[in-house]
Structures are given as structure tokens and as C-alpha cells.
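Student: Each chain, written out:
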Amino acid sequence: MSLLQLDILLLIEKLVLIVIIVLASLGIALYTTFAERKVAAILQDRPGPERAGPLGLLQPFADGLKLVMKEEIIPGNANKALFILGPALAMTAALMTCAVIPWSSQVELFGRKIDLQIADINIGILYVFGVVSLGVYGIMIGGWASNNKFSLMAALRGASQAISYELAMGLSLIAVLMLGGSLSLKTLVDQQMAPGYLWNIAYQPLGFLIFFVCALAECNRTPFDLPEAESELNFGYHQEYSSMKLGFYLFSEYVNMIMSSAVMACLFFGGYDIPFLDEKTLPVNLAAVLGLGALLTKIVLFLFLFMWIRWTIPRFRYDQLMNLGWKKLIPLALVNMLLTGIFILMKQEGTWQTITGFFK
Amino acid sequence: MQALTNRSRAVSRKPLTFMESLYLPAILKGMLITFSHIFKKNPTVRYPEEKRPFSPVFRGLHVLNRDEEGRENCTACGLCAVACPAEAITMEGAERMEGEEHLYREEKYAAKYEINMLRCIFCGLCEEACPKDAIYLSETFAPANFTRKGFIYGKEELLIPHPIEEPEAFAKAKGLNKEA
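These protein sequence lines are chains H and S, in that order.
Here the first sequence is numbered in the numbering used here, starting from -8 and rising by one per residue.
Here the second sequence is numbered in the numbering used here, starting from 32 and rising by one per residue.
One should not assume that every hint holds.
The list that follows gives simulated cross-link-like pairs (lysine-lysine, DSSO-like), each with its CA atoms no further than 30 Å apart [unchecked claim]:
1) H:Lys319 with S:Lys163
2) S:Lys60 with H:Lys318
3) S:Lys72 with S:Lys82
4) H:Lys5 with H:Lys319
5) H:Lys140 with H:Lys57
6) H:Lys271 with H:Lys338
7) H:Lys29 with S:Lys60
8) S:Lys82 with S:Lys143
9) S:Lys163 with S:Lys45
10) S:Lys45 with S:Lys60
11) S:Lys82 with H:Lys319
12) H:Lys61 with H:Lys5
13) S:Lys71 with H:Lys29
14) H:Lys140 with H:Lys5
15) H:Lys29 with S:Lys45
16) S:Lys203 with H:Lys29
17) H:Lys318 with S:Lys45
18) S:Lys71 with S:Lys82
19) H:Lys29 with H:Lys61
20) S:Lys45 with S:Lys72
21) S:Lys45 with S:Lys71
22) S:Lys139 with S:Lys71
23) S:Lys139 with S:Lys163
24) S:Lys60 with S:Lys72
Partial list, derived from the structure: chain S residues whose beta carbon lies under 7 Å from chain H [said to hold, decoys possible]:
25) Leu63
26) Ser67
27) His68
28) Val76
29) Ala142
30) Thr171
Hints listed in this document are in silico derivations from the structure and should not be mistaken for laboratory results.
None of the values given here were measured: they were computed from a predicted structure.
The beta carbon of each residue, even a glycine, is placed where N, CA and C say it ideally should be.
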């Protein structure tokens, strides 16, 4: 019976956590759009938005209001249901990732130990990949339902980009998973926190580089932002979209950015680990809050890196994009995986046994 | 082939070397350049609060001048209208009546004086043509307007404030306090 008994408190706890995390990610994404404009401005010697509210802090709301007030256009021959489904799917897929990210360690509230993670599922990182691949449907459906050949071609372009880079991303990830021996993000983070272990970036610099480049491509960020190339490539899969539906597509890009930053922080930079500090010596709640702060700092740094890159380098040509993905990143990721495997084997079995093992 | 200018340079079409095809060194270099711009001063002038100083010879909106006693200088001779290359100036002359000596300096004055600011090219030829020092170009420019009609400035907009009744506004329009 105990298996079937519903733990009401657990349910409430998780629901509250879901609401907080979704709202927080949306809020952060809102201000990421603002930060993007501000960073762009600073890098280009401009002041950036500063008129709406103090220091321009109300700018994202002004932008949102503007998008909501715009006329909603659905092309005459478009498939209406799918046309609306497209941006919704893109947004949902972007937000769903936050379910498995360990935002911090446990807190103790009202005598209960609460994990600051919505669901610690044992296939965490696979789930992330599954959901990210769902995002491709948002692109494809949006482009196809517009009933416009340019949208469709752009959607194909976007989808093939996302799929190509997912391959290299997955391959570079395997090396990390071999080190950690687990798919659960929480376990991976705990492993990097353990004394005597460094962050994964120390063991996997090449893997991180590949993962990062692929994350840029997955989020459609420069230098892989082909959907944004209005002038030379036509606008992309969201060409026919207007009003808040376009807003959803653009906004989901920012949510994606935050989520991929969080995943990268967890996989390679120790998640909520504070460097040079043993969290065990701190009180539980304080450690959790500081850990959350550490993770958010890492996310913000990644977001800045994303923006910094965006406002520095021009975009790839489509064939160069494909060349880089298939001919460079995938072989590199394979080599990285192989080397990691060999080193792990050497550590477990000893160097000599490994070498002789090859010739058996 | 002979180059058209001495600044032309041959484009290198060599295939990328391995290091170049990694893109990373070049990307890092570029990123350092953009990063250095964080510390640069930005040259923006935040317009309504802050105004860029104009040079003393800036040619802005026209002003119809008065003399020290507040009498209008313009005699509606039409030389400015003739000089105007954009044909922006229209005027109608009228004769000064008995008892209007405190309003107009000469026997003839402009009853109507209009400048179409949409046509005007702010060349300043009217200022040069005027024999009575009655029109000159100030240091302000025409503010935005909702209608085209709003850009046709009549005497109310153009005339300089009265030097005796509103000495401060007059000094400001003349740009006198700027000199001091």
C-alpha cells in the first residue's frame, strides 16, 4: 500500500518548485533580452536602451507589450492549428529542460529536506537531449505550416543544422559520461564536488569546446544564427510570424540559451559547486543558497560569453556550417571519446595491460 | 591587368591552412578586440537632455529682426524671396499708417511673411540678400510637426521677441548672452 500512498506534501513541494523555477527562468530570459541589447551596446560603444524606466530596466516589458499589441497575421493558406502549435512547441521544449537541472543542493524547510531540483531522473542528460530534439519540431512545424516555400527551406536549414550539431554534441558528451559513470545530472555534479576531484573541464577541455560550439549552434546563436539572416538568406522559419507568436520563437531562443548554459555549468563546471570551498562545513540552508548563487553566476558568465561571441564574429555560410559540423567536430568528438576511454582503461587496468590488451 | 587605383590589393584565394581552418585563434583575437571596447568612452549625445554645441556660423531657423526700440526691420522688399533658391519665402508688403511708427522702422513693412521650412534648404542666401539686416538664421532647427501646414512659419513664429518688453527672450534669440 505504501507505494500507492500519495505523499501530498511532496506533491505540493514539487508543484511550488515547478512554478518558481518556470517563472524564474522566464524572468531571467526576459532580462537576458535586455542584457543582450545592453552588452551589444557596450561592445559597440553605445549606451543601449536606457529610456524605459530607471536605467532602462523596464525595456523588456515595453518590448513584450509592443509584441502583444502587434497585429496577429496568419497567412491565408497556412495550416492554422500547426501554425499556432509551432511557437508553442518551441517554447515548451525550451522550458521543459529546466526540470532536470539541479539548481542547488538540499534545503531544510519545515523539517523537510527539499531537493532544489524538480526531478532527479536517472536518465537526466538523455532527457535533456530528447527535449532539445523536440525543439526541432517547433522549427519544422513552424516553417511547414506557414505554407511558404522560403519558410519551408529555412526550416529545413534550421532543422538540419540542429540535428547535425546534436550529433557532435552527443559524442562529446559521452566522454563526460564515461568519466562520471552516470546520466543523472545531480550525480555528475556531486562527483565534481567530491574532494580530490576537479571540475570536468580539467579532464575534458576539448570535449567542452565541442559541446560549447554545438550549444551555440543548437541555440541558433551567432556564428550559427542562420535563421536571423534576413538580408542574405531570407528571414528563416519564423518569416511569416508576427505578434507574440514571433515573440515566442525569439523568446524561446533565450530560454534555450539559459538552459544550455545551465547544462554546461552542470556538466563541465561543477554545477552548484563553489570552488575552493567544502560545502559540507556550512549549514545546509546556507550551502544551498550559496550553491544556487554559484550556479547562477556560472550561467550569467556563460550568457555573457554567448553574447560576447554574438557581437564579435560574423555568421557562417551554410556549407561552411555543415563542413564544420560533420567534417571537423564529429571526428574530433570521436577522437576525444576514444582517448578518454583509453585513459580510463589505463587508470583502471594499468598502462601495460591496456596496451597489451589491444593486441590480444 | 592594370589596377584602377593605387590602393587596390589582390585578394588571397589560398585555401585555409589547418590552424586557420580551426577558426579559434582568429575568433579569440576578434573577441579581445570587442572586449577592449567595453572600456572605451561612448560618444553618444543623449539628445533632449544634452545638446551638441553648434558652431557660431550654424544656419538654423530664420529670425525676423527688430531694432533696439522693437521696430521690425523688414521692409518687404522681396530680395530674400528672389535670392531663395528653394522658393520657400512668400511675403506681402503693406504701407505703414500714421501712428504705427513704433511698430515698423520704415514706411513699408511685411504684412505677411511666410517661410516653408520643408522647402527651405537653410543655405543662408536670404540673410546675405537682405539690405536691412532684417532676416538671419539662428542656431536652432525646426522642431517636428504633425502636419505639413505646421511647417509653414508665419510672422508669429519668425519674429524675434520684443527687446524692451521681453529683453531676456530677445537676448537669447539673438545669441547675445552666449557671447558674454
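Student: Compare the structure with the hints numbered earlier in the document and write down the numbers of the violated ones, lowest to highest.
Tutor: 1, 4, 8, 9, 11, 12, 14, 15, 16, 20, 21, 22, 25, 26, 28, 29 and 30
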